[in-house]
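Engineer: Here's the letter readout for the chains.
Protein chains: 4
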Amino acid sequence: MGGVSIKAGIVGGAGYTGGELLRLLLNHPQVEVAFVHSNSQAGKPVYEVHSDLLGDTDLYFTDTLQQEVDVLFLCVGHGAANKLLTEQQLKPGMKVIDLSQDFRWNESLNKEVVTASNRDFIYGLPELQREKVKSAQNIANPGCFATAIQLALLPLAQHNLILSEVHVSGITGSTGAGQSLSATSHYSWRSGNTSNYKVLNHQHLHEIRRTLQGLQEKVLPGINFVPYRGPFTRGILCTSYTHFDLSLEEVQELYSTYYSSHPFVHFSSSTPDLKQVVNTNKCILHLQKEGDYLVITSIIDNLLKGASGQAVQNMNLLFGMEETSGLKLKATSF
Amino acid sequence: MGGVSIKAGIVGGAGYTGGELLRLLLNHPQVEVAFVHSNSQAGKPVYEVHSDLLGDTDLYFTDTLQQEVDVLFLCVGHGAANKLLTEQQLKPGMKVIDLSQDFRWNESLNKEVVTASNRDFIYGLPELQREKVKSAQNIANPGCFATAIQLALLPLAQHNLILSEVHVSGITGSTGAGQSLSATSHYSWRSGNTSNYKVLNHQHLHEIRRTLQGLQEKVLPGINFVPYRGPFTRGILCTSYTHFDLSLEEVQELYSTYYSSHPFVHFSSSTPDLKQVVNTNKCILHLQKEGDYLVITSIIDNLLKGASGQAVQNMNLLFGMEETSGLKLKATSF
Amino acid sequence: MGGVSIKAGIVGGAGYTGGELLRLLLNHPQVEVAFVHSNSQAGKPVYEVHSDLLGDTDLYFTDTLQQEVDVLFLCVGHGAANKLLTEQQLKPGMKVIDLSQDFRWNESLNKEVVTASNRDFIYGLPELQREKVKSAQNIANPGCFATAIQLALLPLAQHNLILSEVHVSGITGSTGAGQSLSATSHYSWRSGNTSNYKVLNHQHLHEIRRTLQGLQEKVLPGINFVPYRGPFTRGILCTSYTHFDLSLEEVQELYSTYYSSHPFVHFSSSTPDLKQVVNTNKCILHLQKEGDYLVITSIIDNLLKGASGQAVQNMNLLFGMEETSGLKLKATSF
Amino acid sequence: MGGVSIKAGIVGGAGYTGGELLRLLLNHPQVEVAFVHSNSQAGKPVYEVHSDLLGDTDLYFTDTLQQEVDVLFLCVGHGAANKLLTEQQLKPGMKVIDLSQDFRWNESLNKEVVTASNRDFIYGLPELQREKVKSAQNIANPGCFATAIQLALLPLAQHNLILSEVHVSGITGSTGAGQSLSATSHYSWRSGNTSNYKVLNHQHLHEIRRTLQGLQEKVLPGINFVPYRGPFTRGILCTSYTHFDLSLEEVQELYSTYYSSHPFVHFSSSTPDLKQVVNTNKCILHLQKEGDYLVITSIIDNLLKGASGQAVQNMNLLFGMEETSGLKLKATSF
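Chains as they are written, first to last, in my numbering: chain A, 439 to 772; chain B, 439 to 772; chain C, 439 to 772; chain D, 439 to 772.
Calculated directly from the structure, the hints in this document are not laboratory data. Because the structure is a prediction, the values reported are computed rather than measured. Hints should not be assumed to be uniformly reliable.
No copy is singled out in the list; a pair is fine if it fits within one copy or between any two copies.
As the list claims (entries may be wrong) - Cut-off 27 Å, straight-line C-alpha distance, at most; resulting in silico cross-link-like pairs (DSSO-like, lysine-lysine): (1) LYS727 - LYS766; (2) LYS727 - LYS529; (3) LYS766 - LYS656; (4) LYS482 - LYS766; (5) LYS766 - LYS445; (6) LYS636 - LYS482.
From just these sequences and the hints, can you work out the full model?
Structural biologist: See the structure below:
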């Protein structure tokens with residue numbers, strides 16, 4: 439392991455996921471950040487935009503996409519990743535990890551691999567398909583809510599146990615909406631406030647259904663999802679429930695077996711709270727039975743396990759490094 | 439109206455609902471606060487405990503329960519209201535409005551009136567049974583989540599339209615947990631945090647089911663409720679959905695007809711956010727259809743329409759005053 | 439009093455101070471809102487912009503400035519008020535209350551009256567010069583920090599007791615920065631964050647110095663002010679200290695005499711906290727002595743006593759109404 | 439460096455600073471946590487109390503103080519550290535780092551070394567006296583506000599440039615008040631709220647004055663400090679100003695020279711905001727001149743550079759490890 443060392447480039451480095459990726463990669467023992475691309479900030483020191491990096495790096499944003507990197511992270515908006523790959527010829531051996539939704543699923547939902555611009559993209563949820571990730575060339579990094587909900591349901595789907603509709607509600611922090619200024623990201627509005635949005639039609643349901651139906655042989659029932667905007671900055675907490683015949687002990691056994699080799703998934707025997715995972719790459723799961731309902735609570739940091747942390751986890755797997763390398767993060771806790 | 443003037447007493451005036459009631463009654467044009475009872479704070483000026491009332495009142499907390507009032511508000515804990523009425527002989531003509539859950543329902547759930555200590559308690563949800571409230575002697579004031587959820591579902595139950603399970607998620611502010619210090623009300627814990635609790639077994643489901651089954655002739659299906667602790671102080675936002683055959687226009691018609699004479703219920707054509715109602719006695723409802731699901735969003739201020747504001751609304755009705763008297767409140771808005 | 443009834447118009451009604459003024463005037467017993475002007479929102483219902491007013495008003499924004507009002511409130515940006523009065527001929531008898539800083543002081547700082555467009559503006563701090571306000575035609579409504587700091591220092595200046603530099607620090611909520619979207623009003627930035635700004639050169643020092651030097655015969659020493667952005671929406675808390683020879687009892691006597699007839703200023707014997715005044719028109723003062731320093735803490739709601747509430751207070755005085763009319767507001771408290 | 443490895447014990451491991459220390463030491467490449475002592479939580483797994491450590495450690499709290507450690511961290515309350523050292527015989531070679539205020543200064547304020555229980559304590563501010571720290575046996579870890587204020591003023595004192603009173607205001611997060619439940623740490627109170635406390639008489643002024651007077655030959659003028667409770671959990675931001683004759687360029691030169699070899703102090707050319715340092719061990723300084731005042735803004739994370747991070751920094755120095763070892767932390771940023 440000591441010998442491995444790779445060069446990484448970031449496109450769209452001035453946004454939230456780009457900045458978070460930088461915070462991780464600058465401390466990663468086996469990675470050198472070769473360049474950080476940004477059209478809007480080219481020429482400025484990185485710490486002028488990500489001001490917490492003052493003292494940590496002398497990098498400047500560039501508007502030139504260098505080819506001499508082993509892996510390229512795309513932190514651009516939905517649609518822009520596809521455009522970039524179409525317009526720009528990348529060095530063939532370069533691996534790509536895309537954080538947008540452009541290559542997570544296709545319209546038919548029935549293919550595991552999304553091909554675009556002559557590149558085949560593997561859906562990068564290591565807890566679903568770590569081996570495929572390891573041998574992939576290109577990764578489509580999952581969505582944040584999609585990660586929290588899939589990790590709550592993967593073992594059920596694997597055992598053909600999603601037999602009736604699943605009801606999910608979830609709350610996300612403001613960083614999920616990115617850096618752009620908007621009415622619902624204005625402090626005076628969002629502080630002490632909450633609202634639902636995209637009720638029962640959130641776009642992440644596509645990738646969730648694709649994954650679960652891919653695992654489960656029986657036809658997947660409806661997944662109903664009510665997302666909320668929470669008055670906090672980081673994190674996602676989801677509660678999912680569905681009818682379930684087995685006992686709590688049986689389901690705990692299924693889950694702990696499923697996740698036994700996955701270093702970022704942990705089980706809490708008591709009700710978890712969001713800040714247990716904020717600023718870490720963990721997912722904490724909690725299982726309970728109420729009547730004939732199985733209730734699963736799942737929490738992640740939307741910018742880490744839900745975005746840039748998972749991207750680094752995928753990078754580690756792509757290059758044969760320790761899955762947790764650079765990801766043993768101190769939680770904020772408070 | 440000008441001639442009406444009543445005397446009110448408050449028991450348990452040092453807590454959150456007691457304080458909120460005081461804030462309302464001190465500005466109510468037809469009410470004089472005769473006394474504020476508190477065992478723990480007796481002898482202190484009211485503004486030492488409710489420090490925002492500095493300059494508004496010279497009242498002191500007392501540990502003597504005076505009988506010469508027209509209405510007595512019980513703002514004591516669950517269990518303590520029943521105990522007080524059992525141990526203390528109240529003047530027969532005195533009306534009682536109890537904010538605890540002691541008289542909201544009984545075990546059998548099949549009686550509309552809960553009788554305790556020779557007093558019959560009417561469930562004080564004016565939008566359910568305003569006429570019964572007007573002629574009542576004693577009022578059991580509804581719970582906060584119970585108010586938000588019932589107001590979302592009353593028109594459906596009235597028309598026998600709750601035909602399949604209802605799925606509700608809701609977020610509440612910290613004042614819902616009252617004034618007592620606890621791990622989950624500690625600022626360092628709750629700030630930027632969230633968690634669910636009492637998933638699928640919240641105690642307010644009793645009164646909700648009693649009400650809805652009382653209205654609807656067909657057997658009431660399951661009401662599933664996932665409550666969340668939100669990192670804010672005031673307010674409740676609930677999202678409820680259930681299968682529904684009629685069109686959006688038809689359901690809007692049902693709802694607007696049902697609430698046409700109720701001054702505190704309003705409809706928003708766009709997705710509402712919590713702060714539209716904070717520091718007011720309003721309930722704002724929003725209706726939408728997604729596939730064959732009807733989705734109802736309801737928002738209230740948990741301390742006002744969910745507690746002390748509704749208590750004043752009930753008082754207004756009990757004494758033949760304008761239903762909105764003393765309740766035209768300036769929203770905090772931000 | 440019952441007979442008085444006036445018509446009011448608002449220019450710039452879509453912003454924060456305009457909305458807050460509306461919330462007050464719609465509940466004011468002696469005022470009718472004749473129109474609400476907004477260039478950007480003309481044609482829309484008021485409640486679409488100020489969504490908490492749903493159910494409270496059927497007014498629409500207009501782009502026509504009607505002349506048939508008794509008082510016109512200018513809630514437009516700094517500079518725009520002056521421009522409006524220069525370009526637009528107002529009915530001579532119409533009174534004007536301007537919430538911008540355009541007419542609060544002039545460059546020389548040595549005139550009490552600022553004249554613009556043939557209108558003489560009186561600085562509308564009732565606790566400084568209530569009688570002048572009563573007989574004024576046009577009011578320049580004070581700034582928010584300026585109000586909090588002046589109310590802390592007026593009695594000292596009146597008694598020639600500001601003899602050495604005054605050191606002030608103060609924290610303001612996000613609504614002080616208005617409705618416009620900016621990096622420092624983005625939720626993800628401001629939540630859990632703080633920073634200072636305009637250290638020792640805040641623009642409100644002009645009006646503060648003009649007022650204090652106008653009261654005090656001796657030359658006014660420096661006023662040093664460090665403002666902070668606080669992670670909350672409403673309110674201002676300031677701490678001021680200066681060398682002071684008299685005893686605490688003597689200064690308390692001076693202050694309570696000075697403010698004895700002013701209904702919105704109250705004294706707290708213990709350290710106050712901001713939420714005692716949020717959503718009210720109050721100013722709470724606290725006095726203490728530490729060594730030979732007098733320390734004065736002052737708190738107001740920046741949108742009420744610091745803006746729209748004070749504007750209504752001035753309106754009440756201009757028209758011979760009760761000073762507190764429409765301003766007995768329920769505090770948010772939490 | 440690779441060869442160094444030490445064993446550490448923590449007393450008072452269930453509190454905030456103890457937990458934060460654990461979060462650091464568990465990831466420190468050269469430290470093994472031998473035991474975590476807690477009287478109140480003995481027998482429980484560490485992750486039951488510090489729930490974000492779920493999956494990170496299998497340690498249990500113990501009520502036995504083991505002697506076989508190289509360094510013992512005391513994270514107990516003020517007074518309790520002194521009591522422990524008096525009552526308990528520690529192995530002579532064991533180094534002690536105390537996070538309480540018990541050994542930071544003595545009444546006379548004129549000794550650099552505080553001796554207690556036959557142990558000499560060195561004040562552990564590496565930016566003041568790194569060489570003394572390196573050769574120390576026992577460290578008194580500085581207070582949080584004391585760290586932020588001293589780092590703002592050290593270069594001035596070193597050059598005899600504190601010639602007139604210093605005026606400091608500062609805002610701290612709720613974790614500064616620790617884990618105990620209290621009225622001012624209740625979420626419903628503190629959310630959206632602020633207040634000052636201990637105005638001009640904060641206890642950290644003792645250690646600040648001792649340090650500055652120890653550096654500066656001329657008599658130290660008054661240090662006036664106004665602390666605020668901020669509605670956030672982590673961090674301290676201080677603004678200090680004093681009369682100053684030199685130019686901005688000259689003072690920048692002094693400061694950058696002073697801190698050139700100190701890895702955790704950084705300079706921002708623009709106004710910093712608190713979240714630049716939250717969850718890091720950094721101190722960011724900003725210098726400006728306004729008239730003849732020098733204004734210094736300093737920010738730290740109160741639990742890291744202001745407590746447990748600085749304790750680890752001191753440990754690194756005590757044992758000849760890299761000063762930054764285990765302290766390259768990912769900022770929370772949002």
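Engineer: Each hint should be assessed against the structure and marked as holding or not.
Structural biologist: Hints versus structure:
For a Cα distance limit of 27 Å, the shortest separation of LYS727 from LYS766 qualifies neither inside one copy, at 32 Å, nor across copies, at 42 Å. In this homomeric assembly, LYS727 and LYS529 never come within 27 Å of each other (Cα to Cα): the closest approach is 52 Å inside a single copy and 48 Å across copies. In this assembly of identical chains, the alpha carbons of LYS766 and LYS656 never lie at most 27 Å apart, being 38 Å within a copy and 48 Å across copies at closest. Taking the shortest alpha-carbon separations for LYS482 and LYS766, only the inter-copy value of 24 Å comes in at or below 27 Å, while the best intra-copy value is 30 Å.
Taking the shortest alpha-carbon separations for LYS766 and LYS445, both the intra-copy value of 20 Å and the inter-copy value of 20 Å come in at or below 27 Å. Taking the closest pair of Cα atoms, LYS636 and LYS482 come within 27 Å of each other only across two copies (25 Å); inside a single copy the shortest separation is 37 Å, beyond that limit.
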